[in-house]
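Work out the full structure, taking the sequences as your base and the hints as a guide.
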Amino acid sequence: EDQVTQSPEALRLQEGESSSLNCSYTVSGLRGLFWYRQDPGKGPEFLFTLYSAGEEKEKERLKATLTKKESFLHITAPKPEDSATYLCAVQARGTDKLIFGTGTRLQVFP
Amino acid sequence: GAGVSQSPRYKVAKRGQDVALRCDPISGHVSLFWYQQALGQGPEFLTYFQNEAQLDKSGLPSDRFFAERPEGSVSTLKIQRTQQEDSAVYLCASSPRGGNQPQHFGDGTRLSIL
Numbered sequence: 010e011d012q013v014t015q016s017p018e019a020l021r022l023q024e025g026e027s028s029s030l031n032c033s034y035t036v037s038g039l040r041g042l043f044w045y046r047q048d049p050g051k052g053p054e055f056l057f058t059l060y061s062a063g064e065e066k067e068k069e070r071l072k073a074t075l076t077k078k079e080s081f082l083h084i085t086a087p088k089p090e091d092s093a094t095y096l097c098a099v100q101a102r103g104t105d106k107l108i109f110g111t112g113t114r115l116q117v118f119p
Numbered sequence: 011g012a013g014v015s016q017s018p019r020y021k022v023a024k025r026g027q028d029v030a031l032r033c034d035p036i037s038g039h040v041s042l043f044w045y046q047q048a049l050g051q052g053p054e055f056l057t058y059f060q061n062e063a064q065l066d067k068s069g070l071p072s073d074r075f076f077a078e079r080p081e082g083s084v085s086t087l088k089i090q091r092t093q094q095e096d097s098a099v100y101l102c103a104s105s106p107r108g109g110n111q112p113q114h115f116g117d118g119t120r121l122s123i124l
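Going line by line, the protein sequences match chains P and H. Positions 10 to 119 (the numbering used here) are the ones given, in order, by the first sequence. Positions 11 to 124 (the numbering used here) are the ones given, in order, by the second sequence.
Think of the hints as simulated: they come from the structure by calculation, not from any bench. Think of the CB as a built atom: it goes at the ideal place given N, C-alpha and C, for glycine as much as any other residue. You can take every hint at face value.
Below 25 Å or equal to it, Euclidean Cα-Cα: the simulated PhoX-like pairs (lysine-lysine) are:
hint	chain 1	residue 1	chain 2	residue 2
1	P	Lys51	H	Lys21
2	P	Lys88	P	Lys68
3	P	Lys68	P	Lys51
4	H	Lys88	H	Lys67
5	H	Lys88	P	Lys51
6	P	Lys88	P	Lys72
Derived DEER-like restraints, expressed as beta-carbon distance ranges:
hint	chain 1	residue 1	chain 2	residue 2	range
7	P	Ala19	H	Pro106	32 to 38 Å
8	H	Ala23	P	Glu90	32 to 38 Å
9	P	Ala62	H	Thr86	36 to 42 Å
Structure representation (structure tokens):
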């Protein structure tokens with residue numbers, strides 16, 4: 010069964026304190042791995058797509074990496090505005106639907 | 011440009027009533043998806059359209075749930091004889107052609123069943 014597990018469930022950081030969020034997955038052939046950010050009361054906002062092991066993508070303070078079993082979202086020198094829930098999702102070969110993890114709730118304090 | 015638009019943003023219904031939730035995808039997007047998100051959980055897939063064709067409805071939890079996209083643009087998710095466990099946020103997403111292209115989400119409809 011295709012499955013996504015995210016850890017930690019919640020993370021509190023001081024402004025400027027770098028850290029990483031983990032997304033472990035099992036899927037019957039990976040078509041793509043997606044990272045989204047979700048603010049309270051809003052829909053998920055697309056951040057990155059990774060397609061194959063070894064791939065990396067960056068956007069501002071965020072960097073996503075992918076191996077055959079997991080993905081990491083690295084946050085460098087976070088700011089309070091980075092506070093949100095970060096969702097990871099996988100798409101299996103032969104299907105278009107996304108399978109989401111339960112998310113990591115990030116809080117960054119000034 | 012305009013993103014995915016969902017209406018209403020909030021819906022309160024009594025148990026047993028029927029409800030209809032609307033999704034306006036990004037203009038020109040071929041693929042449209044519905045997801046259900048319970049509090050504190052990630053979104054769960056319900057159903058998927060490519061143009062007007064419903065290609066996958068494996069996530070619909072029961073035959074009380076029905077979705078349509080008759081002209082390949084606007085979509086409606088209908089829930090008949092609502093029950094308390096139907097309370098959730100219903101999210102709609104669209105993508106240009108499906109496949110492994112990113113899905114872009116609306117802000118959802120929060121449904122509360124009393």
